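As you go down the protein sequences, you meet chains B, R, G and W in turn. Counting in the numbering used here, the first sequence runs from 1 upward without gaps. Counting in the numbering used here, the second sequence runs from 287 upward without gaps. Counting in the numbering used here, the third sequence runs from 573 upward without gaps. Counting in the numbering used here, the fourth sequence runs from 859 upward without gaps.
Worth flagging that the hints you see were computed from the coordinates, not collected in a lab. One thing to keep in mind: the hints can contain errors.
What the hints assert, rightly or not - Okay, the calculated bits of chain G under chain B, using three or more residues with CB under 8 Å as the criterion:
(1) 696 to 709
(2) 778 to 787
What the hints assert, rightly or not - To be clear about the criterion: a stretch of chain R counts as covered by chain B if any three or more of its residues have a C-beta under 8 Å from a C-beta of chain B, and this derived list gives those stretches:
(3) 323 to 333
(4) 459 to 472
Here the structure is a predicted model, which means the values were calculated and not measured. By construction, the Cβ of each residue, glycine as well, lies at the ideal position given by its N, Cα and C atoms.
Number of protein chains: 4
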Amino acid sequence: MERTPTATLLLSGPDQKGLVAGVSGFLFHHHANIVHADQHTDHEEGVFLQRVEFELAGMDLAPGEIAAAFGPLADGLGMVWALRLSAERTRAAILVSREGHCLIDLLARWKIGELDMEVGFVAGNHPDQGDVTRYFGVPFRHLPVTPESRAEQERELRRALVAEGIGLVVLARYMQVLSPGIVDAYPNRIINIHHSFLPAFAGARPYHQAYQRGVKVIGATAHYATSELDAGPIIEQDVARVSHRDTVEDLVRKGRDLEKVVLARAVRLHLEDRVLVYGNKTVVFD
Amino acid sequence: MERTPTATLLLSGPDQKGLVAGVSGFLFHHHANIVHADQHTDHEEGVFLQRVEFELAGMDLAPGEIAAAFGPLADGLGMVWALRLSAERTRAAILVSREGHCLIDLLARWKIGELDMEVGFVAGNHPDQGDVTRYFGVPFRHLPVTPESRAEQERELRRALVAEGIGLVVLARYMQVLSPGIVDAYPNRIINIHHSFLPAFAGARPYHQAYQRGVKVIGATAHYATSELDAGPIIEQDVARVSHRDTVEDLVRKGRDLEKVVLARAVRLHLEDRVLVYGNKTVVFD
Amino acid sequence: MERTPTATLLLSGPDQKGLVAGVSGFLFHHHANIVHADQHTDHEEGVFLQRVEFELAGMDLAPGEIAAAFGPLADGLGMVWALRLSAERTRAAILVSREGHCLIDLLARWKIGELDMEVGFVAGNHPDQGDVTRYFGVPFRHLPVTPESRAEQERELRRALVAEGIGLVVLARYMQVLSPGIVDAYPNRIINIHHSFLPAFAGARPYHQAYQRGVKVIGATAHYATSELDAGPIIEQDVARVSHRDTVEDLVRKGRDLEKVVLARAVRLHLEDRVLVYGNKTVVFD
Amino acid sequence: MERTPTATLLLSGPDQKGLVAGVSGFLFHHHANIVHADQHTDHEEGVFLQRVEFELAGMDLAPGEIAAAFGPLADGLGMVWALRLSAERTRAAILVSREGHCLIDLLARWKIGELDMEVGFVAGNHPDQGDVTRYFGVPFRHLPVTPESRAEQERELRRALVAEGIGLVVLARYMQVLSPGIVDAYPNRIINIHHSFLPAFAGARPYHQAYQRGVKVIGATAHYATSELDAGPIIEQDVARVSHRDTVEDLVRKGRDLEKVVLARAVRLHLEDRVLVYGNKTVVFD
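Make the full structure from the sequences, and use the hints.
Structure (structure tokens):
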């Protein structure tokens, strides 16, 4: 689907009168046509967040001039802001281990245009997913890791992320814990899929935990990685019913379907600049 | 929960640049604090719709002056608009037949403050729900109907609606078809609950139809009544899984839970002025 | 709906060949017509569980003779078993505090025949729900409690449970923790509704916890009470989507709908003898 | 996961006393260990259906002898029956058109062992999915079709189905209507995915229909193909919420996720002999 070039403004800051009027007045003044707009006020925290997407055609500002023109207004209103151009596609890297269901799902969606990104590379600490990655025309990097080589492996990964200009890292069932160094270097730029309905069953083997507890519903959670394991801002969650008839293997199978769809939704929302983080929470302008 | 008095503007009209800027500029100019705002553009139809809720305190206009001040702006933009004050509570009438599950559910929610309305009366073509209605402190009108008395019964109903200043009619499993006369007199002011996932199984005995077809999911649909049966704008729908183990009685039982919650959600959304109708569709600003 | 009198056998024990053949052979030998049968084998634990419901009409055993005839067979197979006659309705007591949404929901379902039980009494540590209880024709006992009077209040409750022949206690948002003494006296006979998706957000104020964590899905859990708080066997769970637009009050409101329906389902499943407990888990033969 | 060889008996017929006793007695007599058993009585139709899966190890009958030994019993009880051995894997063919999301999803599941089948071939009336099919190691047959060549194309398809010993045909978004000749030749052996919640929006372009109607929930339906279009026995359905914010393209995207998962579930249920058809309905022993 051919889309007209747009820009998206993401804003957040202390709530006050005149925010919407200020932003919309700026856009109207420069002849921008708003195609989508959404805002949210957290009245408890006194925080205002806004996402405005507008067409570039017809504006009296070139794309490269918008930021300079908008900056003083936003600064005057005390807003943190970012400008994203639809023409600048995010470059993503996907990390995997042995299991490929999330990876294949992401690549298949990407191939039919569902995910608006470039895939710089796929990296795996196991070689299993190399073939399918290459089938989709994406370079695969095998980055094996042992307890001894962990620091060096991560340095190699970071070099690759930088060299490839990666702006989004997707942990597609990557079964290694990233060190704080790399996590802190990509704030709200690393999306992980946890195979449970967080905060229930954080940590290892959540389906076994769920089976032991006898729950009637299982879930999956996509969240931004933070240095605290499984505790980052939640982007998306979904659940599925289970019963006593489901073995651990059945939970794992049903869980794969949840993991695929929840991770894919989170990646798409991120790529479309629909996720704003404040505190440890997200606003998702879907 | 005590809430600060607010006003809500509902607007719709042909999409064009400057709509958001115009409305938000007006509110900012008059020192209004926006507490909720949402908008939607149907790019296919070229229609723009907006809902803005703002606090009255601090404005330089009295509540009664807002409409006169806003009118010229909206007219200039070609918008259809309405202004609703939170202080003016909607007066509702609820119509029932023999089954009371939706009625009791609505009255119980209303009693604990979940539905911000006044209940002028409950009317039933059967007397069954009189006791529970009176328990909740609401007048009950028994309006029996036969094929011969149908026109007269409806005239009596309309007189009651007018006399009581009713602004919303809720058909809580009212098993009579209202005539076009009364439906047309309350456009987008009569909410019906249909016990199926429309457009599947319109008409009578939908659970029996669903059972015969062997569906694996059943649903319920709340919609505004129009003169075409079961074809009005859909406000809310929800579904539940069923299996071969469910008898027709089980479908009816599961359906009651759907009907209650779907109707209550639709009524609440309507009372909070979150539903805008255009064409035969709704925009629900939840 | 008039139903033909039935008996239900509930069996559990170590898995072995011949269990189904033994039970079904016994029933066939005595001319019983099986109307529902379900079984489950937990292959990991080596446990077999079965529920068989059969019509009494046509059998060559009187209802009172079945147990004596079946006992030797079950004992020979090493099965724990129980026999329930549909004619013997469970007598239930419902405990509440201030909030009545679950109570009213249960009473309304009971009144239209959805829950096949007798309601011995409703008891509340606050008087708020007395009126509605009496409206439904059920005695209300006000059992106020202070830290000092807690032991005495519970003794009074236990006396009432015994005096009224109560076989099922439903905690319909009863905000007091029952002591181990009363919990242990009613094993798998006390159903609690916890207002979260356990094991997430156990303990107090779960909706506030959920709001703080920024989850995208909330839940409710009905479980048998055990002496360990919020850790008993789970009977039923359900969930609802939430978003950043939902305040804590919205979570509480959406949660009420979950609590009502999850608790009502659990009570119905229990009353129909569809829940078998083994270890800390349930098998639900729905 | 290595599984012990089992056999599965599928039975259906007029309900009568002694059916369960007869079947379980037979299995016990021949030292079979039942691993799963489920049954259902449609009391309205007076139909009994049963699925019993049992281990072959330890029986005093060879796999090839079971049918001959069981036949007289089943015939005496008036039951229609079938015996399936887990060692005999179903050979499937998958038919596609241009869109590959269901195909890739099925092949990816099959590759990791989620679907216990052999894939004889994939056939497409367009060549688009040839590459990915071959990547998964499966032969691809390009069977183009024009209005003139339709009969000949279908003859070629039927020859291929016969030559390859195909026992299951999966229509994975195959946008051609099969003729009654081929449908009738594979009764309950052709699974189609329809991209709506049937019976709503049967026929062409269901997402456009759903968009026009303004529904708040969309669905997908997997069913056995019959000569009446979109009217065959439903195996599985699922739904997703949508809102006014969803364009037709969004419905199509959300629909793809439904189609994939609903079709995959239906295929798995079929392969595990969990689906019994009677009348125009299914019993799904999950």
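For each hint, the structure was consulted:
no.	hint	in the structure
1	696 to 709	violated (count 0)
2	778 to 787	holds (count 3)
3	323 to 333	holds (count 5)
4	459 to 472	violated (count 0)
Going down the numbered hints, you'll see the structure goes against 1, 4, while the others check out.
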